[in-house]
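Residue numbers (my numbering), protein chains in the order written: chain A, 72 to 542; chain B, 72 to 542.
Do not take every clue at face value.
Any copy, or any two copies together, can satisfy a pair, since identical chains are not distinguished.
Below 20 Å or equal to it, Euclidean Cα-Cα: the simulated SDA-like pairs (lysine to any residue) are [stated by the list, open to error]: (1) 307 with 339; (2) 105 with 393; (3) 307 with 340; (4) 193 with 269; (5) 437 with 401.
Calculated directly from the structure, the hints in this document are not laboratory data.
Each chain is listed here by its residues.
Protein chains: 2
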Amino acid sequence: MNAERNDPRVFSDHMDTEDLNKPWEDLKQSIDDKKPKALILHVDTLIDSGEIGRAISRLDSDEKKTLLGLLPADVSAKLMESVTEAQAVELIKLLPTSDAAAIFNELVSDEQADLLAELSDKNAEAILDAMDPEEAAQARQLTSYDPESSGGLMITEFLQYREGQSVRDVLDDLRANANDYTDYDVQYAYVVKAESDELVGVLRLRDLLLSRDPTPITEVMIREPHFVLLDTSLEKLADFFDRHHFFGVPVVDDQRCLKGVVRKIDVEEALTGRADVFSMEIQGIIGGEELRSMPLRTRTTRRLIWLVANIFLNLIAVSVIAFYQETISAVIALAVFLPLISNMGGNAGIQAIAVSIREMSLGLLKPNELLWVATKEVTVGATNGLILGSLIGGAAWIWKQNPWLGLVVGVSMTINTVIAVVAGGLMPLILKRFKLDPALAAGPILTTLTDMTGFLLVLSFANAILRYLVP
Amino acid sequence: MNAERNDPRVFSDHMDTEDLNKPWEDLKQSIDDKKPKALILHVDTLIDSGEIGRAISRLDSDEKKTLLGLLPADVSAKLMESVTEAQAVELIKLLPTSDAAAIFNELVSDEQADLLAELSDKNAEAILDAMDPEEAAQARQLTSYDPESSGGLMITEFLQYREGQSVRDVLDDLRANANDYTDYDVQYAYVVKAESDELVGVLRLRDLLLSRDPTPITEVMIREPHFVLLDTSLEKLADFFDRHHFFGVPVVDDQRCLKGVVRKIDVEEALTGRADVFSMEIQGIIGGEELRSMPLRTRTTRRLIWLVANIFLNLIAVSVIAFYQETISAVIALAVFLPLISNMGGNAGIQAIAVSIREMSLGLLKPNELLWVATKEVTVGATNGLILGSLIGGAAWIWKQNPWLGLVVGVSMTINTVIAVVAGGLMPLILKRFKLDPALAAGPILTTLTDMTGFLLVLSFANAILRYLVP
Numbered sequence: 072m073n074a075e076r077n078d079p080r081v082f083s084d085h086m087d088t089e090d091l092n093k094p095w096e097d098l099k100q101s102i103d104d105k106k107p108k109a110l111i112l113h114v115d116t117l118i119d120s121g122e123i124g125r126a127i128s129r130l131d132s133d134e135k136k137t138l139l140g141l142l143p144a145d146v147s148a149k150l151m152e153s154v155t156e157a158q159a160v161e162l163i164k165l166l167p168t169s170d171a172a173a174i175f176n177e178l179v180s181d182e183q184a185d186l187l188a189e190l191s192d193k194n195a196e197a198i199l200d201a202m203d204p205e206e207a208a209q210a211r212q213l214t215s216y217d218p219e220s221s222g223g224l225m226i227t228e229f230l231q232y233r234e235g236q237s238v239r240d241v242l243d244d245l246r247a248n249a250n251d252y253t254d255y256d257v258q259y260a261y262v263v264k265a266e267s268d269e270l271v272g273v274l275r276l277r278d279l280l281l282s283r284d285p286t287p288i289t290e291v292m293i294r295e296p297h298f299v300l301l302d303t304s305l306e307k308l309a310d311f312f313d314r315h316h317f318f319g320v321p322v323v324d325d326q327r328c329l330k331g332v333v334r335k336i337d338v339e340e341a342l343t344g345r346a347d348v349f350s351m352e353i354q355g356i357i358g359g360e361e362l363r364s365m366p367l368r369t370r371t372t373r374r375l376i377w378l379v380a381n382i383f384l385n386l387i388a389v390s391v392i393a394f395y396q397e398t399i400s401a402v403i404a405l406a407v408f409l410p411l412i413s414n415m416g417g418n419a420g421i422q423a424i425a426v427s428i429r430e431m432s433l434g435l436l437k438p439n440e441l442l443w444v445a446t447k448e449v450t451v452g453a454t455n456g457l458i459l460g461s462l463i464g465g466a467a468w469i470w471k472q473n474p475w476l477g478l479v480v481g482v483s484m485t486i487n488t489v490i491a492v493v494a495g496g497l498m499p500l501i502l503k504r505f506k507l508d509p510a511l512a513a514g515p516i517l518t519t520l521t522d523m524t525g526f527l528l529v530l531s532f533a534n535a536i537l538r539y540l541v542p
Numbered sequence: 072m073n074a075e076r077n078d079p080r081v082f083s084d085h086m087d088t089e090d091l092n093k094p095w096e097d098l099k100q101s102i103d104d105k106k107p108k109a110l111i112l113h114v115d116t117l118i119d120s121g122e123i124g125r126a127i128s129r130l131d132s133d134e135k136k137t138l139l140g141l142l143p144a145d146v147s148a149k150l151m152e153s154v155t156e157a158q159a160v161e162l163i164k165l166l167p168t169s170d171a172a173a174i175f176n177e178l179v180s181d182e183q184a185d186l187l188a189e190l191s192d193k194n195a196e197a198i199l200d201a202m203d204p205e206e207a208a209q210a211r212q213l214t215s216y217d218p219e220s221s222g223g224l225m226i227t228e229f230l231q232y233r234e235g236q237s238v239r240d241v242l243d244d245l246r247a248n249a250n251d252y253t254d255y256d257v258q259y260a261y262v263v264k265a266e267s268d269e270l271v272g273v274l275r276l277r278d279l280l281l282s283r284d285p286t287p288i289t290e291v292m293i294r295e296p297h298f299v300l301l302d303t304s305l306e307k308l309a310d311f312f313d314r315h316h317f318f319g320v321p322v323v324d325d326q327r328c329l330k331g332v333v334r335k336i337d338v339e340e341a342l343t344g345r346a347d348v349f350s351m352e353i354q355g356i357i358g359g360e361e362l363r364s365m366p367l368r369t370r371t372t373r374r375l376i377w378l379v380a381n382i383f384l385n386l387i388a389v390s391v392i393a394f395y396q397e398t399i400s401a402v403i404a405l406a407v408f409l410p411l412i413s414n415m416g417g418n419a420g421i422q423a424i425a426v427s428i429r430e431m432s433l434g435l436l437k438p439n440e441l442l443w444v445a446t447k448e449v450t451v452g453a454t455n456g457l458i459l460g461s462l463i464g465g466a467a468w469i470w471k472q473n474p475w476l477g478l479v480v481g482v483s484m485t486i487n488t489v490i491a492v493v494a495g496g497l498m499p500l501i502l503k504r505f506k507l508d509p510a511l512a513a514g515p516i517l518t519t520l521t522d523m524t525g526f527l528l529v530l531s532f533a534n535a536i537l538r539y540l541v542p
């Protein structure tokens, strides 16, 4: 029998997605018709086809409210878990507190904490008050930790057994509670002392498989297991999972009592989330998150803050031009080369910024290694600067038939490229030492600097040999 | 008993890394002394402390060659697996073919394929010829697949049993080969037909735990399991693991024969790698990879290609200024506002590019939804454009005491921002439809466009009302 390409279980590139062009149209229709059963079916289908996020982003606020009002809380919870976090937060904010609380009761512990962390304190408090008290207590506990620490990343659903229990006890428990455990990542079980929650060992399921029933679990378990503390940072966790090929690591408090488990996948998700924020921030989206389904006001404000900050940086740079107006007036061709040289400086510097940020995040570079970076960048800057300077200087010479103009433009371009590349390489290290976010600050500060130095180099040099430039 | 912070097994933020400031110095010393035993120890310590990458990056080529010459192949293989892929490739290139082949024999299958894919065909072929024939055959097979497909991502180390076997057979095999299987991710075992490798089911280890020994595995296994084809793309795999909380998925060929397993972690790693490349490319590093330990020539060339391409784009833009030299000559203040307006247009447009690329990668936006993006961006562009235009127009008016100059500058800034934001939003969609990489191309094309439109708006508008501008 050959694999049939249209078998619904075959998941391949050949799956036709063109017919899902507007997956929200049926959903919109059912919202208008207010048919809960049809809606549950549509939502399930959209979750399965991976189109739920796009569909939700095409509904307006009223449609979203109506949809959540018609769905049972558990389906809404599943929906929240299937869309991006930013979308889930948007949806929660549309709901009355009691409805939001009902959905929160159905979410898994780390999702609860993640979403609560994104809401305003007042909003989060109101929802927690309306939640099932037990769920609320757990959620409150988790949200009290830094979301980028073990405490904030850990799950509280894990298997725990006590010293003195046997392999049979564990297997009996697994069998008896098989249904409850289906949502658990049952890779490891943790062993604590008989009389306290102090962690003493880790049981791998495969070792249980290979042991006879009456064996005490203390004989099978791994003793002195690796663990992390509640305040261990995301970086340290990433380091840990790089070094150890584990699916998860137990989290203990200061008394070494077991509090939760951080899974590798949660660390990876957090890192990906951070990389996403980083990638948005270097492109000028304050906060690192924007979806076009967000309200116009949110979208314009977040972008505007960064633009207005940039306008002031730009004004500083162009004030150099204002200072040299007379030089430009004498050699108008300089107005053509000013944006060119400053732009190219910015481009060259941003490459060096990228390499420094990357090397720091890979652990190949520490913020105090300024000299090493400067040495490595000055050669690259000089090489590329000379090549670019010759190109542009030559072009200027030919265009205006004036070798002196070529000299001014070429030399300025070369020096500005060296400055830009060295400054770009160093900028992320310096910002990091001042505990600033290189992703957000490095680019705008650098381009302001290279605009200023570029303008200054061209105009002061031109001013110095003005009599050779004026025909 | 309290957890002791200085217990070496406690892995927390409090770990002091300052004393590892120059972890390569001991290593360098041992390389100079040519002491293999000390080297093995140093390398192990550096791998454990996560400092191996930084240490290797501070050695020169001769030191790297000597180091690898002194290390046994299995330690070298461990080293290769502990540094970034770019570093591993660098190291391999330094070695004679026979030494490289000896190390490749010790690497796990997907590492072999990943590294071979990064070498030149000639280099890879030479290493394959010198490798153990069995290892080489497997590596050849894996490298024949697209590295961003199931075939390229899968591992070939997995557990396979046949219809007709019992739970006892599986447990006996697990017990007998426990040592061989320690490197396997033993979460699932796969069941194929008795007479062919056609996949018929998946066994979860926890289900084996809950079953009696004589039970046929066909009774315990999950029938009609999910699977993917050899050519399933990375995107589809990411989608798959988003939807299904599995640790891995079996890969089958067209006859539905089991070929390997793609693990969720491998898909996540590939996605992270791609995000890294993306983040480097939007900052102008061609190829998405540069380490400062690479040769100067490699580093300058990769950066230069992009800079030279940009210089030509920039020349197109500034040719607009060249065309309007007389207008600038009449109103020299315009030279100050030209870079300001074009830079701000670029900044505003890049924000919109970032949002489009992100929404496409989250599956919230398809490349054909141009109208939706245009509608969403025109309002943001108009709002922010009016605010920025008023700020800059007002500044120009006050500075030169000329309301007409304020009008020219303010209106140009407003219109240019709208153009930049709408064009920025659409650019990634259009590039994607032409199968171009939005990460690399969108930024430079957009800034060229906004430079041109910015210059053109200011200068043509100023030219039109020149008599009001000249005092």
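### Query
Does the structure break any of the earlier hints, and which numbers would those be?
When the structure is compared with the hints, numbers 2, 4, 5 turn out to be violated.
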